[in-house]
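Novice: Listed below are the residues making up each chain.
2 protein chains.
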Amino acid sequence: MDKIEILGLIAAALTTSSFVPQVYKAWKQKSTKDISLTMYLFFFTGIVLWLIYGIAIDSLSMIIANAITIVLSFFIIAAKLKYK
Amino acid sequence: MDKIEILGLIAAALTTSSFVPQVYKAWKQKSTKDISLTMYLFFFTGIVLWLIYGIAIDSLSMIIANAITIVLSFFIIAAKLKYK
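For the protein sequence lines, the chains are A and B, in the order given. The first sequence lines up with residues 1 to 84 when you count with UniProt numbering. The second sequence lines up with residues 1 to 84 when you count with UniProt numbering.
Chain A with its partners taken away, still in its complex shape (with noise of 0.2 angstroms):
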C-alpha cells in the first residue's frame, strides 16, 4: 500500500472516529439543543451517497469509513430527535 492511500486511511480514521465522543456527549448528557439537527440531516444524506460512490469506485476505506460514519450520525440525529 503506497503512503497516499496510508494517508488516505488515517484520515478516514479520524473522521470517522471523531463522531464518537459526540454520540458519547449527546446520550450521556441527554442534552442536545446546541447540536444542528438541519446539519445532521444534511449530512447523513451525503455521506450516503458517498458510501454508494464509494461502492461504485469499488473503494474499500471508502466504504468502510461511511458505513461507520452513517451509523454514528444515525445516533447523534436519533437524540436529538429523543432529547430535543
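Accuracy of the hints is not assured; some may be wrong.
The list treats identical chains as interchangeable, and a pair is accepted whether it falls inside one copy or across any two copies.
DSSO-like cross-link-like pairs, simulated, lysine-lysine; straight-line CA separation at most 30 angstroms [claimed, not checked]:
| no. | residue 1 | residue 2 |
| --- | --- | --- |
| 1 | K84 | K3 |
| 2 | K3 | K33 |
| 3 | K80 | K33 |
| 4 | K80 | K3 |
| 5 | K30 | K3 |
| 6 | K3 | K28 |
| 7 | K82 | K28 |
| 8 | K82 | K33 |
| 9 | K3 | K82 |
| 10 | K84 | K28 |
| 11 | K30 | K82 |
| 12 | K30 | K84 |
It should be emphasised that the hints constitute simulated quantities derived from the structure, not laboratory data. Just so you know, these numbers come straight off a predicted model, no measurement behind them.
Following the hints, put chain B in place on chain A, whose structure we already have.
Specialist: What follows is chain B alone, placed relative to chain A:
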C-alpha cells in the same frame, strides 16, 4: 463528467454545506455546551489530511470540499472555545 463523479460532487456539496447551519446556530445562540470539542479537533485534523490526500491524487472536488470544510469546522471550534 460521468454519473459517478456527479454523485461525488453532490455528496461533497451536501457534507460540506451541512456545517453551515451548525456554524450559524453556534454563533447566533452563543451556546455550544452540547457540541463535542474532541469531535471537532479530531474531525479538523482528519479533514486537513483529506485535503492533502485530495492534492496528492489531484482531485479538484476533494480539494474544494475539504478546504471549505476546514474553514467551517474552524469556525465551530472557535465558537466552542469562545462560548464554552
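Novice: Which hints, by number, does the structure contradict?
Specialist: Hint check: 1, 2, 4, 5, 6, 9 fail, others pass.
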